[in-house]
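The lines below spell out each chain.
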Amino acid sequence: MTYNEKKNEHTHLKKAFAGVIKKNKGLLIGLIALIVASVVASLIPPLVLEQAVNRLGAGKGVSLTLALWYFLFIVISDLLESLQNAGITVFGQKITHGIRSALCQKLSRLPAEYFHRNESGKTASIFTNDGDTIDVLYSDGVVSMAADLLKVVGILIVIYTRSLGLGLLVTAVTPLLFWFTRTCQRRSNRANLENRRAIARVNGHVPETLRCIRMIRVFHAQRHMENVYSGYIKESYDAVDRSNVIDSIYSPVILLTQAAVTAAMMIFAAGGNSYRALFGISVGTAVAMMAYVNRIFSPLENIGMEIQNIQSAAAAIDHIDTFLEEPEWQPEITEPKKTDEIRFEHVDFGYQKDRPVLKDLSFDIKKGELVTFAGRTGAGKTTVFRLLTGLYEPDRGTVNLAGLDPCALSQEERRRVIGYVEQNFASVPGTVKDQITLYDSDISNEEIDAALKLAGLKDVIEQLPDGLDTKMSERLFSKGQLQLLSIARAVVLDPQILLLDEVTASLDAKTEAGVIRALKSSARGRTVLTISHRLSEAIGDARIIEIGT
Amino acid sequence: MSDQKTSHSKRIMQKQKVVHPDRIMSYFLANIPVLIIVTISGLIYNIGMLAGPYFEGRLAQTLYDIIGGRSKFSDMVQIAFFYIIAILIVQAGRAVKRFGVRRFANNVSSSMRRNLYNSLVHSDQQKLQKEGLGSLLTKAISDVDACSEGMRKFTTEIFDTGVVMIAYVCMLVHYDFRLAILSCMFTPIAYLAADRLKTVVTRANAEYKKSAAALSGRTMDRIGNALTYRVYGREKNRDEAYERSLSDYEKKSAKANLFESSMAPLYDAIAMLGTVLVIYFGAKNVQGTGWTAWNIAAFTTFLSCFTKLATKVSHAAKLFNSVQKAAVSWKRIKPLMKDSVEDSFDPDKVPVRPQGVEFSDVTCGYDGEKMLKHISFEAKPGQIIGVTGGVASGKSLLGRVLLGEVPYEGAVTIGGKDLGSMTEREKLEAVSYSGHDPELLSTSFFDNISLGSDIDVDRFLQMTCLDEDLKNMHRSADWPVGEGGAMLSGGQQARLSLARALAHARSILVLDDPFASVDKVTETKILKEIRREFPDRTIIIMTHRLYHFPEFDCVLYLHNGHGTFLPHDKMLEKEPGYRALYEEQAKGGDYDDI
Chain R
18 MTYNEKKNEH
28 THLKKAFAGV
38 IKKNKGLLIG
48 LIALIVASVV
58 ASLIPPLVLE
68 QAVNRLGAGK
78 GVSLTLALWY
88 FLFIVISDLL
98 ESLQNAGITV
108 FGQKITHGIR
118 SALCQKLSRL
128 PAEYFHRNES
138 GKTASIFTND
148 GDTIDVLYSD
158 GVVSMAADLL
168 KVVGILIVIY
178 TRSLGLGLLV
188 TAVTPLLFWF
198 TRTCQRRSNR
208 ANLENRRAIA
218 RVNGHVPETL
228 RCIRMIRVFH
238 AQRHMENVYS
248 GYIKESYDAV
258 DRSNVIDSIY
268 SPVILLTQAA
278 VTAAMMIFAA
288 GGNSYRALFG
298 ISVGTAVAMM
308 AYVNRIFSPL
318 ENIGMEIQNI
328 QSAAAAIDHI
338 DTFLEEPEWQ
348 PEITEPKKTD
358 EIRFEHVDFG
368 YQKDRPVLKD
378 LSFDIKKGEL
388 VTFAGRTGAG
398 KTTVFRLLTG
408 LYEPDRGTVN
418 LAGLDPCALS
428 QEERRRVIGY
438 VEQNFASVPG
448 TVKDQITLYD
458 SDISNEEIDA
468 ALKLAGLKDV
478 IEQLPDGLDT
488 KMSERLFSKG
498 QLQLLSIARA
508 VVLDPQILLL
518 DEVTASLDAK
528 TEAGVIRALK
538 SSARGRTVLT
548 ISHRLSEAIG
558 DARIIEIGT
Chain S
942 MSDQKTSHSK
952 RIMQKQKVVH
962 PDRIMSYFLA
972 NIPVLIIVTI
982 SGLIYNIGML
992 AGPYFEGRLA
1002 QTLYDIIGGR
1012 SKFSDMVQIA
1022 FFYIIAILIV
1032 QAGRAVKRFG
1042 VRRFANNVSS
1052 SMRRNLYNSL
1062 VHSDQQKLQK
1072 EGLGSLLTKA
1082 ISDVDACSEG
1092 MRKFTTEIFD
1102 TGVVMIAYVC
1112 MLVHYDFRLA
1122 ILSCMFTPIA
1132 YLAADRLKTV
1142 VTRANAEYKK
1152 SAAALSGRTM
1162 DRIGNALTYR
1172 VYGREKNRDE
1182 AYERSLSDYE
1192 KKSAKANLFE
1202 SSMAPLYDAI
1212 AMLGTVLVIY
1222 FGAKNVQGTG
1232 WTAWNIAAFT
1242 TFLSCFTKLA
1252 TKVSHAAKLF
1262 NSVQKAAVSW
1272 KRIKPLMKDS
1282 VEDSFDPDKV
1292 PVRPQGVEFS
1302 DVTCGYDGEK
1312 MLKHISFEAK
1322 PGQIIGVTGG
1332 VASGKSLLGR
1342 VLLGEVPYEG
1352 AVTIGGKDLG
1362 SMTEREKLEA
1372 VSYSGHDPEL
1382 LSTSFFDNIS
1392 LGSDIDVDRF
1402 LQMTCLDEDL
1412 KNMHRSADWP
1422 VGEGGAMLSG
1432 GQQARLSLAR
1442 ALAHARSILV
1452 LDDPFASVDK
1462 VTETKILKEI
1472 RREFPDRTII
1482 IMTHRLYHFP
1492 EFDCVLYLHN
1502 GHGTFLPHDK
1512 MLEKEPGYRA
1522 LYEEQAKGGD
1532 YDDI
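In order, the protein sequence lines correspond to chains R and S. Numbering of the first sequence is given in our numbering, commencing with residue 18 and proceeding in unit increments. Numbering of the second sequence is given in our numbering, commencing with residue 942 and proceeding in unit increments.
Some clues are possibly wrong.
Said to hold, decoys possible - Here are the simulated DSBU-like cross-link-like pairs (lysine-lysine), alpha carbons at most 30 angstroms apart as the crow flies:
hint : chain 1 : residue 1 : chain 2 : residue 2
1    : R       : Lys354    : R       : Lys450
2    : R       : Lys355    : S       : Lys1177
3    : S       : Lys1192   : R       : Lys139
4    : R       : Lys77     : S       : Lys1013
5    : R       : Lys251    : S       : Lys1515
6    : S       : Lys1196   : R       : Lys39
7    : R       : Lys111    : S       : Lys1196
8    : R       : Lys31     : S       : Lys1177
9    : S       : Lys1515   : R       : Lys139
10   : S       : Lys1321   : S       : Lys1368
11   : S       : Lys1279   : R       : Lys111
12   : R       : Lys42     : S       : Lys1321
13   : R       : Lys40     : S       : Lys1151
14   : S       : Lys1311   : S       : Lys1461
15   : R       : Lys251    : S       : Lys1279
16   : S       : Lys1461   : S       : Lys1412
17   : R       : Lys251    : S       : Lys1266
To be verified - Stretch by stretch, here's where chain R covers chain S in the computed footprint (C-beta under 8 angstroms, at least three residues):
hint : segment
18   : 1031–1041
19   : 1176–1189
20   : 1193–1201
21   : 1227–1240
22   : 1384–1394
23   : 1497–1505
What the hints assert, rightly or not - Selected chain R positions facing chain S (in silico; Cβ < 10 angstroms):
hint : residue
24   : Gly76
25   : Gly78
26   : His114
27   : Gln122
28   : Ile174
Calculated directly from the structure, the hints in this document are not laboratory data. By construction, the Cβ of each residue, glycine as well, lies at the ideal position given by its N, Cα and C atoms.
Extracted from the complex, chain S is given alone in its bound form:
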């Protein structure tokens, strides 16, 4: 099921690849087929909009003629039939156009999102976390909707406002160009008046928003500090202040609403002034005393076209607004739009070959600070090395050196090759890592372990004893683990993270604190499994729990920035600090034994 979904979505990804994702035109170009359909259906619909008024006029005229005995019943049936057919075609065009435009917006938003995500997931870790690229990209992704919505509105309005207005104007001019010019005179005035009013409306809106913010602040304060006010006897006073805020909010919101809603009728009223002229002069036309000879059909058609045109003009402003809004969003997104990274490399497919690790005289730390000094040790294939030390002794740092995240001096070699000269791909082929932050995805057990690769997940669930947990919870591996593994206990999270590392184990396995909150029995069982399953791997375990250290091949003990590398027995003799740690735990004084 999940495989199916994945392959399906892969297909879409390929289909909607956008070249030059940083140009807005690219998104129009990528959707040419949809846009052609939109154009054709849009023209049908918007030019066809004239059919309504035209046929309605004809219907009225025919009725007039029938009553006057000049036409037959069959004429009416015929016109009514054509009327319905015309409306059917026009409305079908409208449905297709509407859907097409929305499809287009949906496509644009999907490809923009994918593109931004692609650059997010392939960005450098440092840049994401330290330089704030992560939050920048997150914001950009939230801008995508505004942007695609703007593009949708733009495309819609080109037809619904642009084309249709031209069509109406042509129709009016065709019937009587003098009356057309005369009656349309008021429209620009209405537009200007609306523009004037806009500042008043904006001001009222700003005041309303301010009052709303004040009210919500008061609400938070009244509730959040309720007990402070109670202890100090200020509740009555605060209730009165809240009441004042409520009244202010009520007043401002009513005012803003009144301005906002009074704009449209005022505007319409001015635009509709033209109807007086249409009716008066149009009637003259019908009587044969006007500029053009009209019948009743022409009269009603002209009037209804004019009414529709007058109300349409206000949309011109909407078109402008939506484009402006979209432009603001696009400006933020544009610099982050990069050609998508295509990378089909799968380290799981490369065969594992046994390799060791050697640190010789390594000094390392972040930002020039030397947190570990002169560390030397060697781990060979088939060995388990235990790394321990007090809190903040640098255990985790050591692991991250192998990931290439920490600058270091000295030499680190993997399979005899210098770490510094290895390519990213070679590193991926050599090292697997599980950090003490489990970094779990909110998806299923299965997905967390397989990460989309073809892996025998059950085996690793069993190795980490998670199969028993699942059985006890009456759940299967398809069960989602919740955000960051929230549905799991600490021990379960650690083991799931470990299972993932084992499932993708390369020659060198770095396990940082793999048994946090895992009980002793389970820990023993898991270690045994690891030894059996991975006899030829090099395993480095960082932990503060030492019961299994006697069984490990060697121990690296970190203290005061230095490291001692010895087998467990010798370490006990040589390092009193290590001895103290070990003995305290041997006594049973372990603090996180559950």
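This is chain R alone, in the form it adopts within the complex:
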């Protein structure tokens, strides 16, 4: 599929969208009903007013009931409108919820390589920013536009039923005004964009000044810097001015047009018999029509904005769809073997096709062995770990983890088979306990206790204000203690195999000793693989497996 096709179809996004619609059919129907009701209700008050004025025109009084009706319809129409707005918000939220769920589910299906290739902040922005834009697209874009269009049509219909002439007049003016609205909005957007750019320069100039302050002082360039700053401000000033001109002219022009339409209607209505056929209206109708003319222009302005919202969502739609279309992780699973050894058989692997990292690598590790992988940087020591944890699959050959293919390990099995102590501890939001269990409520307190003992963290945790239930913050622990937490996390479900990355790389000698003590006790009775020579030496007698030549 070429990029262009992808861009135009947005199939994945559509699928997610269709799913939400299906699930919330009731809500959607309710919302449509609400919009229709709200539009109809907003049309009624002027009609009541028409009645009242007509009665007055006929020399009759207005009953309190009629006055109350007028008030009641205003209240109902207000209420329905705010209900409609709330409904649109709820609907937009459901859509974004559905899309975010789809995005989240995609995460588990992505290959590990995606996470190594893409900065997490950028991916997160697809979830947050682009997700919000989709919300705006539906709530303040598509749905609101439908509601506003309906309002315009509704008002036009009422006008036509009362006065054909006024209807024609408004129909003629509406496209012109809409064109005017769009032109103003486009221009003002352009000016706003220029202003944003200028403001970015204005704002960027300040840190730049701080960064270059010595140079500025030495060359006495203060005045020059001020002039440059003034230049940027001037750019922004002019852009703001341009957008202000449009802003100031827009609604006066609209209101003047309203007045002109009203005046024309009244003149025609007062005209001779030939016009009466077209504009034949009573006083009450005239008052009501003035009210309608005043109402038709604000939805027009909104529609312009909504078009804008829909247009500006294009980039977000693209980001989301590209993400949903990322190739998925479908490892080929090899047959389980009857062995309790860790075995690499003729493994080839490369992150890119033409740049192999591992070539024909084979080795056996017996149960309970302590092994160090040695090799220069870039030889593929970490890669071996990634293959062992099932994050990647070999291009050729097989990886065997005590009888299992690491890629085929079920989520439940994983922590009982391998424990992986990463180079840097990755803290997760929640309590200190969550750091160890990773939110697994099946892990018993005894198991946690045993892990803490192994890691030598028991005393530290007991000194925390709420013990294990203390809210996690990296400031609670020293760097070494964070690594101990990482060890506790790895061993809490008593895995057979323990993988140790360069656990102590960033620690000073004293802290390192404590971590090594913990590793030593954790290593007992397990197969332990490390890629740090220092570490394995400290733990015990290690067999060395050379990687790369």
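Given the structure of chain R, go ahead and fit chain S onto it with the hints provided.
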């Protein structure tokens, strides 16, 4: 082109100078002409707002009279004509007022920004970096918008809410004061009710914001720790937790929105209760059985004025809010607003006279720590002195002594004058400096070198061989170098920084690590150019690259906080450390030779 822009912006700067920038009133005073226009057009617009309802009433009345045969067609044409003229004047007033108020805000924001920047750029380096004045000023500058926006809203609302409400009330009272009082009774009740609801709304909003923060935290965690969760088999569990966060967010946002949007109609409903009375009693007035005798025009005018007034009242709260917000920002800005510094001194205009530098028994370092001890050396006009030593031996420190940044004991003289007794201006006239941080601006090559002065930039591009780089990149000197010189290689950055120092060279040139990441051939070429162009200057070069040291007039070798000052040959004999450094590089073992 760029000159034009600069002179233009200078003009604005002069025009918008604000006296007493730390008083909010000053900004109103500085904009009196604009504000007079705003006042006149604002009054026209807001009082004229009554014209709409008035004429619409008259139009309806005239139609009634025509149908009843009491008026002629021409009466209608006449009224319609006046109606349009009135609306035209009113709306023109509105356009002028709107633009004027925005102009005013734009002016205020510009002069506040300029003022803060002026005090930033003229602040003491120490205060900016060490005492956090820099970040304080940066924050203040970001507060400017909130402040000027508040002033704009305040000015707008004075007219659009204040004046217009008075006008409406007067109109209502004029038509029927009893009905006016009766129907307006509900408005304060609506205001109080809205105020009550506010706490509920605020709470719902706070919950919504909390949930939004939680969701974004979850998102970051789910993605950032994705592989940890995968290795530990926790992905399914985390997806479920994310789903819960999504549901919570959805619920809270719907709730907050419902409260927020349900407030306005409720409020309006209460305020609009008055319409029942207006219609009922107003109809009686028309029939002649009420308090005042009305025609249909009076009836519709009164009703439409009342409706507009009822919806206006909610703006009173907005006015209050905007002023409050602006006050918070202003409080942060105010203490930083100082009378702007005017300084037209240009060291480039002062003629250069040859001067030497002498350090005798200088001990120096930051915060009382003595990093260099008993340093003595002399550099005469026309000489190049090489300063070298191991990593962190104090090369850069020595240069900064000449900038007056480092406290020292002993004596430093420039042209025979004691550095300590020299004024800032005299120092600027004597010393040029290029540090090993290139401190480049994001503007063009041209601007980085000229710094706004009238300088033959091409000559210095050529001296530092940057002209060839530009040619190879197919670019001109007007090309921007990117933030901090990001578009340039390390060597290009160093040379641009050097070109700038040469372009503004005074009697003494201190070049700290000028050839970082510059290849040997280019370095040789540049040094030759410098020697030719500046035969009468005193040049001090700090570097760890020694191939050109044999050609230098003398060498200062820094080791263990001490300095040995000797010509290169003698230094080789006397200092084994220097010899080792030199020989290692002579062998070709230079690490950053590219």
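Gly76 (chain R) as an interface hint toward chain S, with CB separation required under 10 angstroms: With a minimum Cβ separation of about 7 angstroms from chain S (threshold 10 angstroms), the hint on Gly76 (chain R) holds.
Holds or violated: Lys1515 (chain S) to Lys139 (chain R), with C-alpha atoms at most 30 angstroms apart: violated (58 angstroms)
Pairwise hint evaluation, Lys1151 (chain S) against Lys40 (chain R), where the allowed Cα distance is 30 angstroms at most: holds (27 angstroms)
Per-stretch coverage check for the segment 1384–1394 of chain S, three Cβ contacts closer than 8 angstroms to chain R: holds (count 5)
Lys251 (chain R) paired with Lys1279 (chain S) [C-alpha distance capped at 30 angstroms]: The hint holds at about 22 angstroms.
Supplied contact hint for Ile174 (chain R), tested at 10 angstroms Cβ to chain S: Violated, because the Cβ-Cβ distance from Ile174 (chain R) to chain S comes to roughly 23 angstroms (cut-off 10 angstroms).
Coverage assertion for the segment 1227–1240 of chain S with respect to chain R, Cβ distance below 8 angstroms, three residues required: As far as the segment 1227–1240 of chain S goes, the hint holds, because 5 residues have Cβ atoms under 8 angstroms from chain R.
30 angstroms Cα cutoff - pair Lys1279 (chain S), Lys111 (chain R): Not OK: Lys1279 (chain S) and Lys111 (chain R) at ~52 angstroms, beyond 30 angstroms, violated.
Within 8 angstroms of chain R's CB atoms, at least three CB atoms from the segment 1031–1041 of chain S: coverage verdict: holds (count 7)
Restraint outcome when His114 (chain R) is required to lie within 10 angstroms of chain S by C-beta distance: Cβ of His114 (chain R) sits 5 angstroms from chain S, so the hint holds.
Satisfaction of hint between Lys1321 (chain S) and Lys42 (chain R), Cα-Cα up to 30 angstroms: Roughly 89 angstroms between the alpha carbons, so the hint for Lys42 (chain R) and Lys1321 (chain S) is violated.
30 angstroms Cα cutoff - pair Lys1311 (chain S), Lys1461 (chain S): Measuring from Cα to Cα gives roughly 35 angstroms; hence the hint is violated.
Comparing the model with each earlier hint shows violations of hints 1, 5, 9, 11, 12, 14, 23 and 28; every other hint is respected.
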